[in-house]
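Engineer: Here is how the chains run, residue by residue.
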Amino acid sequence: MEAWFALLVGIFFTVAVYLMLSKFIIRVLLGVAVLGNAVNLLIFTGGRLTRDVPPVITAGADALGGPAANALPQALILTAIVISFSFFAFLLVLAWRAYEDLSTDNTDEMRVAEPVKEPMPPLGY
Amino acid sequence: MAVPTSSSVDLSAALVLGPATVADWLVILPVAWCFAVGALLVMLRRALNLHPIIAIAGLAGLVLIDGLLLGHVATAGPVTMVMGRWLPPFGIAFTVDLTGALFALVAAIVALAGGIFSLADINDSGRRYGFYPFLMLLMAGVSGAFLTGDVFNLYVWFEVLLISSFGLLVLGSEPEQIDGTVKYGFLNLVATTLFLVATGYLYAVFGTLNMADIARKAQGLRGSAPLMTLTALYVLAFGMKAAAFPVNFWLPASYHTPRVVVSALFAGLLTKVGIYALIRVMVMLFPVEREELSFVMALAGALTMIVGVIGALAQTDFRRILGYLVVSGIGSMLAGIAIGGPGGIGGAIFYALHSMLVMTGLYFAAGIAARLGGGSSIATLSGLYRKNVGFAALTLMLCFAVSGLPPFSGFWPKVMLVKAALDIGAWWLAAVLLLAGFCTLIATGRLFLLAYWRDEAGPVVDAVRLPSTLLAPLAALSLLTLGIGLYPEPLLATIQSAAAGLAEPSAYLNSVFPAGGLQ
Numbered sequence: 001m002e003a004w005f006a007l008l009v010g011i012f013f014t015v016a017v018y019l020m021l022s023k024f025i026i027r028v029l030l031g032v033a034v035l036g037n038a039v040n041l042l043i044f045t046g047g048r049l050t051r052d053v054p055p056v057i058t059a060g061a062d063a064l065g066g067p068a069a070n071a072l073p074q075a076l077i078l079t080a081i082v083i084s085f086s087f088f089a090f091l092l093v094l095a096w097r098a099y100e101d102l103s104t105d106n107t108d109e110m111r112v113a114e115p116v117k118e119p120m121p122p123l124g125y
Numbered sequence: 001m002a003v004p005t006s007s008s009v010d011l012s013a014a015l016v017l018g019p020a021t022v023a024d025w026l027v028i029l030p031v032a033w034c035f036a037v038g039a040l041l042v043m044l045r046r047a048l049n050l051h052p053i054i055a056i057a058g059l060a061g062l063v064l065i066d067g068l069l070l071g072h073v074a075t076a077g078p079v080t081m082v083m084g085r086w087l088p089p090f091g092i093a094f095t096v097d098l099t100g101a102l103f104a105l106v107a108a109i110v111a112l113a114g115g116i117f118s119l120a121d122i123n124d125s126g127r128r129y130g131f132y133p134f135l136m137l138l139m140a141g142v143s144g145a146f147l148t149g150d151v152f153n154l155y156v157w158f159e160v161l162l163i164s165s166f167g168l169l170v171l172g173s174e175p176e177q178i179d180g181t182v183k184y185g186f187l188n189l190v191a192t193t194l195f196l197v198a199t200g201y202l203y204a205v206f207g208t209l210n211m212a213d214i215a216r217k218a219q220g221l222r223g224s225a226p227l228m229t230l231t232a233l234y235v236l237a238f239g240m241k242a243a244a245f246p247v248n249f250w251l252p253a254s255y256h257t258p259r260v261v262v263s264a265l266f267a268g269l270l271t272k273v274g275i276y277a278l279i280r281v282m283v284m285l286f287p288v289e290r291e292e293l294s295f296v297m298a299l300a301g302a303l304t305m306i307v308g309v310i311g312a313l314a315q316t317d318f319r320r321i322l323g324y325l326v327v328s329g330i331g332s333m334l335a336g337i338a339i340g341g342p343g344g345i346g347g348a349i350f351y352a353l354h355s356m357l358v359m360t361g362l363y364f365a366a367g368i369a370a371r372l373g374g375g376s377s378i379a380t381l382s383g384l385y386r387k388n389v390g391f392a393a394l395t396l397m398l399c400f401a402v403s404g405l406p407p408f409s410g411f412w413p414k415v416m417l418v419k420a421a422l423d424i425g426a427w428w429l430a431a432v433l434l435l436a437g438f439c440t441l442i443a444t445g446r447l448f449l450l451a452y453w454r455d456e457a458g459p460v461v462d463a464v465r466l467p468s469t470l471l472a473p474l475a476a477l478s479l480l481t482l483g484i485g486l487y488p489e490p491l492l493a494t495i496q497s498a499a500a501g502l503a504e505p506s507a508y509l510n511s512v513f514p515a516g517g518l519q
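Protein sequence lines correspond, in order, to chains A and B.
Take the first sequence: its letters are residues 1 to 125, numbered as in the working numbering.
Take the second sequence: its letters are residues 1 to 519, numbered as in the working numbering.
The set of hints was computed from the structure by calculation and includes no laboratory data.
Quantities reported herein were computed from a predicted structural model and do not represent experimental measurements.
Check before you lean on any hint, since a few could be wrong.
Claimed, not checked - Below, a list of computed lysine-lysine pairs in the DSSO-like style, where the Cα atoms sit at most 30 Å apart:
1) Lys117(A) <-> Lys23(A)
2) Lys183(B) <-> Lys117(A)
3) Lys183(B) <-> Lys23(A)
Said to hold, decoys possible - For the chain B half of the interface with chain A, some residues (derived, Cβ under 8 Å), not all of them:
4) Glu159
5) Ile163
6) Ile178
7) Gly180
8) Leu189
9) Gly200
10) Thr257
11) Thr316
12) Glu504
In this text, a Cβ means the ideal position worked out from N, Cα and C, and glycines have one as well.
With the hints as extra help, turn the sequences into a complete structure.
Structural biologist: Next up, the structure:
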């Protein structure tokens with residue numbers, strides 16, 4: 001099971017990196033969304049994928065009956081999902097504003113902050 | 001896969017019901033205080049004229065709290081407070097040692113200076129956008145990152161400060177700012193995601209997120225677990241946050257676009273959080289891996305220094321020059337981490353603290369220069385010396401400090417780093433450190449020559465009086481720089497014991513796992 005998930009995580013990362021290498025913000029955004037999910041799956045896989053043993057210690061025992069899925073990575077993922085969702089929302093609005101104000105979504109053409117032709121600093125006076 | 005926990009652990013012993021001592025509360029107070037003041041500001045969002053008063057009082061309170069915390073840590077050693085009183089490694093621990101307390105105090109001082117400077121720099125529309133609440137939340141994130149003792153919690157604080165920094169960066173929503181924020185936002189998000197990847201692996205390998213627990217367990221897992229991969233991922237993630245060379249491009253693209261006070265705070269605080277995290281992870285958690293990676297980091301540090309100063313030399317805009325100087329300074333800190341040992345780590349910490357004060361001050365100077373001279377291009381700025389001599393003198397002090405000249409604060413860390421580099425035989429690194437300092441002097445010297453000394457073309461203008469809200473923060477930071485340069489002994493001694501505490505973290509471990517506690 002873990003091996004298949006590892007493969008899946010690898011595919012997610014590949015897709016994310018491919019999308020993020022694009023010049024167009026909207027694709028980069030999709031890449032960021034996929035990247036967040038790739039990481040979530042990675043953490044999820046790190047906490048064992050099994051449902052044979054519930055992570056509850058039964059009455060009378062002082063340890064789990066066997067290797068159970070770890071609940072903590074799942075809690076970490078919940079945190080990470082909330083954070084990455086809010087970031088995605090912010091960046092989506094930012095991308096929209098950038099498209100409106102700079103009238104392009106091509107990052108190569110976004111040169112307002114760093115103009116292409118800039119004068120060299122003066123050499124003397 | 002997660003390490004199976006020993007079946008002999010008695011979970012009931014992990015819950016302590018005794019009350020926390022008052023001194024322990026100091027550990028969490030900086031974060032709680034910032035959140036409380038930030039929440040108050042959000043509630044009073046209609047009373048905009050109250051915002052600066054509350055925020056500056058809040059930041060002054062933060063300086064006081066961090067000062068008390070540093071005093072407490074200096075006398076009592078590292079202090080730990082665990083959320084919910086669940087004994088570590090179960091609860092989220094806040095552990096403060098000298099390094100964290102020092103960084104938190106200097107960050108609070110810088111933020112207070114920024115708060116005062118903002119009185120003249122942030123107008124009503126900036127206040128309506130929520131500058132002050134964002135500032136307090138940023139400080140909550142920064143303080144949390146410096147004080148936490150839990151790796152995942154560190155990630156959460158990174159996100160807190162990142163989302164506040166987004167808010168501050170787009171304040172004003174001018175096209176230039178949106179352009180800068182796009183680059184800053186995406187690249188920083190990728191960096192924190194890399195941090196999260198590394199943390200996911202870390203938990204899978206160690207089965208714990210508590211830094212002290214990781215430091216304890218790392219020795220036993222070395223050889224069987226891919227700690228090298230982990231460390232390399234952390235170097236990349238934190239290097240990107242700190243704007244180290246191959247991944248530094250977001251910084252010069254964005255730091256000159258927001259309001260001056262925002263640039264100043266970012267230059268002082270954000271990259272240094274990355275450096276702090278790098279020091280914490282590399283020196284305390286994975287010292288063996290740090291040695292393995294030291295050449296790569298030394299190379300990255302050297303290239304960062306060179307690329308930074310060359311970028312600074314090629315710029316015409318005052319604030320863009322400073323952006324590249326921030327990058328160049330990061331290179332010196334990376335070099336210190338790569339060198340290691342008390343000299344290298346101490347030098348890196350000292351350089352980071354010095355850079356927080358000096359870079360913030362220089363951005364303040366850029367803001368005042370733009371106000372006096374009407375622009376920030378050094379091709380057109382001129383005659384600032386004639387307009388306000390005191391301001392010019394304060395700027396000159398900061399220019400010398402950032403170049404590493406005595407008697408200012410930049411001199412001592414540079415001496416420590418060069419000596420540490422020569423001690424391990426890395427003469428090339430020492431040479432790059434000195435060369436970077438020299439080129440920084442050329443860049444800042446030219447800046448001063450053109451913008452300050454050059455006479456204006458038109459008729460000679462009279463001296464201009466500056467409001468004290470602009471001049472006071474700049475003067476405070478410059479004089480602090482001078483003070484540290486003239487009398488470095490107390491700070492140096494603190495930094496040396498901080499570096500020793502990182503290299504030999506037994507006091508840190510004892511504070512998290514007191515003798516007789518859960519093992």
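Engineer: Now look at each hint and say whether the structure bears it out.
Structural biologist: Now the hints, each set against the structure:
1. For the given pair, Lys117(A) sits about 21 Å from Lys23(A) by alpha-carbon distance, which is consistent with the 30 Å threshold.
2. Annotation: proposed proximity of Lys183(B) to Lys117(A) holds, straight-line Cα distance about 19 Å (limit 30 Å).
3. Distance restraint check for Lys183(B) and Lys23(A): the Cα-Cα separation of roughly 12 Å lies within the 30 Å cut-off, and the hinted pair is therefore satisfied.
4. For Glu159(B), the interface hint holds, the least distance from its beta-carbon to any beta-carbon of chain A being 5 Å, beneath 8 Å.
5. At a threshold of 8 Å, the smallest CB-CB gap from Ile163(B) to chain A is about 7 Å, leaving the interface hint in force.
6. Contact between Ile178(B) and chain A, as hinted, is supported at the beta carbon level, the nearest pair being about 5 Å apart and thus within 8 Å.
7. Proximity of Gly180(B) to chain A holds as hinted, the smallest CB-CB distance being about 5 Å (cut-off 8 Å).
8. For the restraint placing Leu189(B) at the interface with chain A, the shortest Cβ-Cβ distance is roughly 6 Å, inside the 8 Å limit, so the hint holds.
9. Proximity of Gly200(B) to chain A holds as hinted, the smallest CB-CB distance being about 4 Å (cut-off 8 Å).
10. Taking 8 Å as the C-beta cut-off, the interface hint given for Thr257(B) holds, the closest approach to chain A being about 5 Å.
11. Against a cut-off of 8 Å between C-beta atoms, the interface hint on Thr316(B) holds, since the closest Cβ of chain A lies about 5 Å away.
12. The beta carbon of Glu504(B) comes no nearer than 30 Å to any beta carbon in chain A, farther than 8 Å, and the hint placing it at the interface is violated.
Consistency with the previously given hints fails for number 12 only.
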